[in-house]
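Enquirer: Using the sequences and the hints, build the whole thing.
These are the residues of each chain, in order.
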Amino acid sequence: MSDKPFYNKVDPPEGFTSPGMFATRFDKVIGLARSNSIWPLPFATSCCGIEFMATMGAHYDLARFGSERLSFSPRQADLLMVMGTIAKKMAPVVHQVYEQMAEPRWVIAVGACAASGGIFDTYSVLQGIDRIVPVDVYVPGCPPRPEQIIDGFMKIQELVANEPLRRRYSPEYRELLSSYGIR
Amino acid sequence: MIENQYITGALTREFREHLLSSEVLTGIPTYTMSLKVIHESIRFLKETPGLEFEFLTDLCGVHYPDNPSPFGVVYMMHNIREKTRIRIKVFLPLEDPTLPTMTDLFSAANWMERETYDFFGISFVGHPNLVRILNVEYLDYFPLRKEYPLEDPTREDKDNRFFGRET
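Top line first, the protein sequences correspond to chains R and D.
Residue numbering for the first sequence follows our numbering, starting at 1 and increasing by one per position.
Residue numbering for the second sequence follows our numbering, starting at 1001 and increasing by one per position.
Don't take every hint at face value.
Residues from chain D shown here face chain R by an in silico Cβ test under 7 Å; the list is partial [what the hints assert, rightly or not]:
1) 1133
2) 1136
3) 1143
4) 1151
5) 1152
6) 1155
Source of the hints: derived by calculation from the structure; they are not laboratory data.
Yeah, the Cβ is synthetic: ideal placement off N, Cα and C, and Gly gets one too.
Expert: This is how it looks when you write it as structure tokens:
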């Protein structure tokens, strides 16, 4: 047996250490806390959802990244994970789910269909969810393996950890949301 | 089983020149009726003793753009007791693809006629609620008509050279 611990410890952000005290930036602490306790809302419509089930299972175990708890209410979720084909009739539902999420919120498009429509280049399928909601990370693959989903999730963690606290109040962000018709 | 000759004979006696053709396709007797008598012929096949095709299995549209009457509606009917199926076809002109509804004879026709309208723009006169059923409400064309591409018309990222088409 090695003397390595069985758990992963998150490194502290950069700061000043001295006996009995540690000083760092507030947004770094908040980013650290947020990025290691993301509550994802799985919006699984097809085979990418099956891969996500494997990702949540014991073998790949998304819980290692602080996402033990899936949120099935958009109001409590931080991350919308859209996995699978979104038909044009389903588009208003995704839009509404995104609107119901509280800020700060992130979106990950898992799989070719959610990212671009994939093989379903047809009149009935939405050609990528970025036509209705802003997307932070795209995971390619048809379907992507759990490792790829975890890689995409870690990219989200990176975004969450480094996001400036003022970003959600900036006029650019407001403009982005209003370009999607979101208040 | 009801013999094909019996069905053909009954239809010929009843509708004469309005029975445009009869053939056997994939093992199922297939009759093309003229548009004038389509409602009566479906009623005849459903209600005449000895025929009694009381189950409307399927109803769908077809588009043959090269035909003089390009739109078709196909009815699949089934006599469950006699274990016999038949297929009835009717063809409609391009300018006015309308025909009477079968919802007064078969309740099952309701959704299937809505689907046919949704994809081909064929109107069923007398249908209680002829609106789109599967596609989004704001779709402004009938997607299975051959003049429209099957691909999503709003997609911008495609390079025709990768699809075997000249640019």
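Enquirer: Please list, smallest to largest, the hint numbers that this structure does not respect.
Expert: Hint 1 is the one this structure does not satisfy, whereas the remaining hints hold.
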